[in-house]
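Visitor: Letter by letter, the chains look like this.
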Amino acid sequence: MAHGIFLAVVTCCVLPGAQTIPEPDSVDLILQPALAEVGLFYGGVDLAISAEVEASLEIAVMVTGPTTELHFGKKEKRWGVLWAPGGDVTFENIPCLYQLRTTAELDQLAPESELAELGLGYETLRDDLADESEGNLFADLIRLKESEGVFSYAAQGVEIEGDQVAGQQRISVTLHFPANAPATLYSVQLFGFRDGQLAARGQGNFELRQATLIHFLSSLAQEHGSLYGFLAVVAAVGAGLLVGLMFGSDKKAH
Amino acid sequence: MFQIYLPVAGNAVNLFLLLGLGGIVGLLSGLFGVGGGFLLTPLLIMIGIPPTVAAASDSNQIVAAASSGTVAHSRSGNVDYKMGVLLLVGGVVGGTAGVQVIKVLLATGQAGFAIQVTYVVMLALIGTYMFFDSLRGLRAPKVRVEIRGEREVFHRPSLYARLVQSLPYQTDFQRSGIRVSALLPFMLGILVGVLAAIMGVGGGFIMVPVMVYLLRMPMHVVVGTSLFQILFTCVNVTILQASLNHTVDFLLALVLLLGSTSGAQIGARLSKKLRADQLKIMMSCIILGVMLVMVLGLVLPPTTLLSYKGGH
Numbered sequence: 138m139a140h141g142i143f144l145a146v147v148t149c150c151v152l153p154g155a156q157t158i159p160e161p162d163s164v165d166l167i168l169q170p171a172l173a174e175v176g177l178f179y180g181g182v183d184l185a186i187s188a189e190v191e192a193s194l195e196i197a198v199m200v201t202g203p204t205t206e207l208h209f210g211k212k213e214k215r216w217g218v219l220w221a222p223g224g225d226v227t228f229e230n231i232p233c234l235y236q237l238r239t240t241a242e243l244d245q246l247a248p249e250s251e252l253a254e255l256g257l258g259y260e261t262l263r264d265d266l267a268d269e270s271e272g273n274l275f276a277d278l279i280r281l282k283e284s285e286g287v288f289s290y291a292a293q294g295v296e297i298e299g300d301q302v303a304g305q306q307r308i309s310v311t312l313h314f315p316a317n318a319p320a321t322l323y324s325v326q327l328f329g330f331r332d333g334q335l336a337a338r339g340q341g342n343f344e345l346r347q348a349t350l351i352h353f354l355s356s357l358a359q360e361h362g363s364l365y366g367f368l369a370v371v372a373a374v375g376a377g378l379l380v381g382l383m384f385g386s387d388k389k390a391h
Numbered sequence: 008m009f010q011i012y013l014p015v016a017g018n019a020v021n022l023f024l025l026l027g028l029g030g031i032v033g034l035l036s037g038l039f040g041v042g043g044g045f046l047l048t049p050l051l052i053m054i055g056i057p058p059t060v061a062a063a064s065d066s067n068q069i070v071a072a073a074s075s076g077t078v079a080h081s082r083s084g085n086v087d088y089k090m091g092v093l094l095l096v097g098g099v100v101g102g103t104a105g106v107q108v109i110k111v112l113l114a115t116g117q118a119g120f121a122i123q124v125t126y127v128v129m130l131a132l133i134g135t136y137m138f139f140d141s142l143r144g145l146r147a148p149k150v151r152v153e154i155r156g157e158r159e160v161f162h163r164p165s166l167y168a169r170l171v172q173s174l175p176y177q178t179d180f181q182r183s184g185i186r187v188s189a190l191l192p193f194m195l196g197i198l199v200g201v202l203a204a205i206m207g208v209g210g211g212f213i214m215v216p217v218m219v220y221l222l223r224m225p226m227h228v229v230v231g232t233s234l235f236q237i238l239f240t241c242v243n244v245t246i247l248q249a250s251l252n253h254t255v256d257f258l259l260a261l262v263l264l265l266g267s268t269s270g271a272q273i274g275a276r277l278s279k280k281l282r283a284d285q286l287k288i289m290m291s292c293i294i295l296g297v298m299l300v301m302v303l304g305l306v307l308p309p310t311t312l313l314s315y316k317g318g319h
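Residue numbers (our numbering), protein chains in the order written: chain A, 138 to 391; chain B, 8 to 319.
Each hint should be verified, as a subset may be incorrect.
Claimed, not checked - Which stretches of chain B does chain A cover? Using the computed rule of at least three CB atoms under 8 Å from a CB of chain A, they are:
no.	stretch
1	13 to 24
2	58 to 70
3	263 to 274
By construction, these hints were calculated from the structure, which means they are not laboratory data. These numbers were taken from a predicted model, which means no experiment stands behind them. All residues carry an ideal CB built from backbone N, CA and C; glycine is no exception.
Turn these sequences into a full structure, and let the hints steer you where they fit.
Guide: See below:
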């Protein structure tokens with residue numbers, strides 16, 4: 138006990154200029170829906186995120202999926218005129234989905250170091266790439282992911298709803314999850330900034346879950362590949378012969 | 008609207024678009040005796056299917072189209088089973104050798120470039136030769152008697168013909184109406200197998216010209232026999248892809264095969280109404296079209312320098 142008091146006193150004396158950074162306020166997020174099922178006729182889903190925040194804050198809402206390693210072939214110029222497959226390139230720790238909406242441009246929200254710490258902005262996904270040419274490929278990666286609909290960023294992409302009540306404002310963001318977004322657990326985060334400092338923070342989860350039939354087929358393909366392949370061949374031969382017979386009997390009927 | 012979710016591809020695609028693509032490829036399969044993988048796989052990639060899944064699922068649906076087409080052609084007596092088996096055995100031997108060639112190329116980092124250049128050169132050679140040959144056939148009168156002065160001219164057999172005749176194990180292939188050495192289809196099967204493995208395709212579009220020009224088989228028997236051989240090749244590829252790479256999407260294959268089996272039947276009936284030269288000129292146009300698209304892909308600057316690994 139005495140030891141603890143001594144440490145506290147020493148800390149205050151040694152670090153007179155140190156300011157305690159206040160903990161950011163907690164914000165409750167409302168996710169609609171919080172869970173979506175990937176069934177046979179699933180074609181994507183819209184996730185609506187809303188929250189009550191202090192009206193003076195700049196807001197960023199970010200949704201990310203689990204990270205993975207991505208392997209690509211790299212096109213290279215050969216013989217001066219031909220673009221052909223060349224070497225391979227690997228990107229590490231790239232989320233399967235990254236969607237970001239803010240009330241202002243990123244550089245107006247917080248300093249670069251703060252943005253990097255919170256993972257806000259595509260640049261924070263950039264790994265230590267071996268050389269400059271691979272750095273250019275990072276821009277290609279972002280373009281590719283944006284074209285697939287799994288990456289998106291929009292400044293002024295946060296909607297302000299209704300009027301302020303006691304300094305509080307309701308905000309909302311609607312994000313589209315395309316059908317190619319993997320069935321997994323996604324992290325939904327809200328950050329509120331005041332004068333470049335993180336002042337409010339909220340967190341939630343959104344789950345995309347495979348329906349029974351889809352899960353069954355997917356598991357069969359992954360865990361019992363040989364059986365799955367055999368069944369796929371039997372079904373294909375059966376369908377082919379059936380159609381052949383149908384056309385054949387049709388011919389005889391005429 | 009009308010989207011169907013594909014569990015292995017991990018994406019949703021319009022149901023009618025898939026049925027239509029299957030139908031078109033099935034029609035080509037029934038008409039020309041090709042699997043259609045060289046055409047369907049790039050189309051599937053374009054609509055958002057990962058390349059590895061597109062190639063593997065395509066093989067699965069070709070099994071259905073080839074079964075359907077083989078039944079239709081067999082009913083008309085257009086499948087030379089003896090020839091098909093010899094080509095198939097050669098194809099398996101050649102395919103295995105081709106996979107080893109690819110391994111060496113991969114180790115040197117030249118595989119991708121080698122595949123694309125081989126593909127373009129093969130398509131250009133086959134397509135151009137087929138086009139001009141069938142054009143000659145279409146322009147020529149149906150019965151051709153070459154008379155110079157009063158005497159009929161007898162051509163000396165070509166070096167190729169003399170070489171073929173000198174091979175041992177001369178065998179009658181009654182369905183095809185030819186007598187050649189059993190070694191010839193076996194060796195040609197090896198050649199096609201090597202090329203097919205290097206290029207990552209079933210090999211139908213190489214096998215068909217080989218049967219027409221090197222084995223001198225009649226076009227209608229070529230189509231049926233090619234389908235018979237493709238059926239077994241694709242059964243093998245489907246099971247291997249499903250067990251080793253887990254990339255066969257059965258739902259995708261199912262929708263495609265619903266379209267392709269019907270298309271194959273229509274194609275098989277249509278092929279009987281067309282002359283062999285008409286069939287050949289149509290196929291050569293498709294081969295040259297695919298070659299042109301590939302050349303443009305090689306020459307035009309790409310929108311992105313990254314490409315997903317796998318696929319044709």
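Visitor: Checked against the structure, which of the hints given earlier come out wrong?
Guide: none
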